[in-house]
Amino acid sequence: MVVQMLLVLLLTGIIHTVDSLSYALRLGGLRSRRITLALSLSGLLVIVSRTSNMAQGPMVGSMVDKALASASFHLESRLHLIIAAATAGTAAAMLLFPSVVRICSRLVVHLEAAGSIPQMVKQLTAGRKWKNGAAYVKLPNFQMLRSLFKGRMPRRLMAINMAVTAIYTVGVLSALYAAYLWPDSRLTASTSSGLINGVATILLTLLVDPRIALLSDRTLRGESRLGRMNQVLGLMLVSRCAGTIAAQLLLVPCAFWIGWLISG
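Its first residue numbered 3, the sequence shown is counted upward by one per residue in this note's numbering.
Hints are computed from structural coordinates only; laboratory data are not their basis.
Note that the structure is a prediction, hence the values are computed from the model and not measured.
One or more hints might be untrue.
Cut-off 20 Å, straight-line C-alpha distance, at most; resulting in silico cross-link-like pairs (SDA-like, lysine to any residue) [what the hints assert, rightly or not]: (1) Lys-124 to Leu-43; (2) Lys-140 to Ser-101; (3) Lys-140 to Arg-33; (4) Lys-68 to Ala-57; (5) Lys-140 to Gln-233; (6) Lys-68 to Ser-79; (7) Lys-68 to Pro-185; (8) Lys-140 to Gly-229; (9) Lys-124 to Pro-185; (10) Lys-68 to Met-3; (11) Lys-140 to Ser-24; (12) Lys-140 to Met-231; (13) Lys-140 to Tyr-25; (14) Lys-68 to Arg-188.
Each pair of labels, with its calculated beta carbon distance range [claimed, not checked]: (15) Ala-115 to Arg-230: 26 to 32 Å; (16) Arg-220 to Ser-118: 27 to 33 Å; (17) Lys-140 to Met-3: 35 to 41 Å.
We put the CB at the ideal spot given by N, CA and C, even for glycine.
I would like the entire structure built from these sequences, with the hints used as guidance.
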């Protein structure tokens, strides 16, 4: 059981690290002025994230069965621990962000030369491309942190992104907890995460993604400084981390909301 829990925590951390690094892809594309190519690389991140999610899902679901079978199995504390792993994964993405931006800036150039992702991967695995890999490693420093909070900040966008992240983080977990609290309707509850995630999807589609896309286009056209985009995407990552922390407070209320809906 300990090994299974550690695997769940590891996979959760990987999922949130990879998802958070999608911001680095966009910024890398802007720096190389190949934003479309950079976004096409998101498929690589999706593969890693979806594979981890496929392995994680059944293991988290089995916790509900164990909790229903044994009163000594404390499900809620384990779910809070999983959310903490999401925070750790996002924090890891913050540490990796400067390095991944640099790497992505080079990857899109290699993709343009190779013509396809499989061909690019083949060339990169040859080994010679990694001789100067250490040159792309850059850790965050105090100057970077200070520049994030200097000047005008997109507070409204950050607040919405924080809310979206918090909702997405607890969507499935709250549904599973509702399945535990209402065992007679556990099949309905366990498939009800869309009741929560749907709200996040609407906010993301209407208020977050269009704003980021608009700022990206303005940067490409030279109407906005690249430094401004650095700040915005960095703050989006910070708000995303804050959202995973806020998710700790939403786990139980969202589970009771699902329970109220399915039992009404």
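Evaluated hints:
no., hint, in the structure
1, Lys-124 to Leu-43, "15 Å, holds"
2, Lys-140 to Ser-101, "5 Å, holds"
3, Lys-140 to Arg-33, "16 Å, holds"
4, Lys-68 to Ala-57, "18 Å, holds"
5, Lys-140 to Gln-233, "17 Å, holds"
6, Lys-68 to Ser-79, "14 Å, holds"
7, Lys-68 to Pro-185, "12 Å, holds"
8, Lys-140 to Gly-229, "17 Å, holds"
9, Lys-124 to Pro-185, "50 Å, violated"
10, Lys-68 to Met-3, "10 Å, holds"
11, Lys-140 to Ser-24, "18 Å, holds"
12, Lys-140 to Met-231, "18 Å, holds"
13, Lys-140 to Tyr-25, "16 Å, holds"
14, Lys-68 to Arg-188, "13 Å, holds"
15, Ala-115 to Arg-230: 26 to 32 Å, "30 Å, holds"
16, Arg-220 to Ser-118: 27 to 33 Å, "30 Å, holds"
17, Lys-140 to Met-3: 35 to 41 Å, "40 Å, holds"
In summary, the structure is inconsistent with hint 9 from the numbered list given earlier, while agreeing with all the others.
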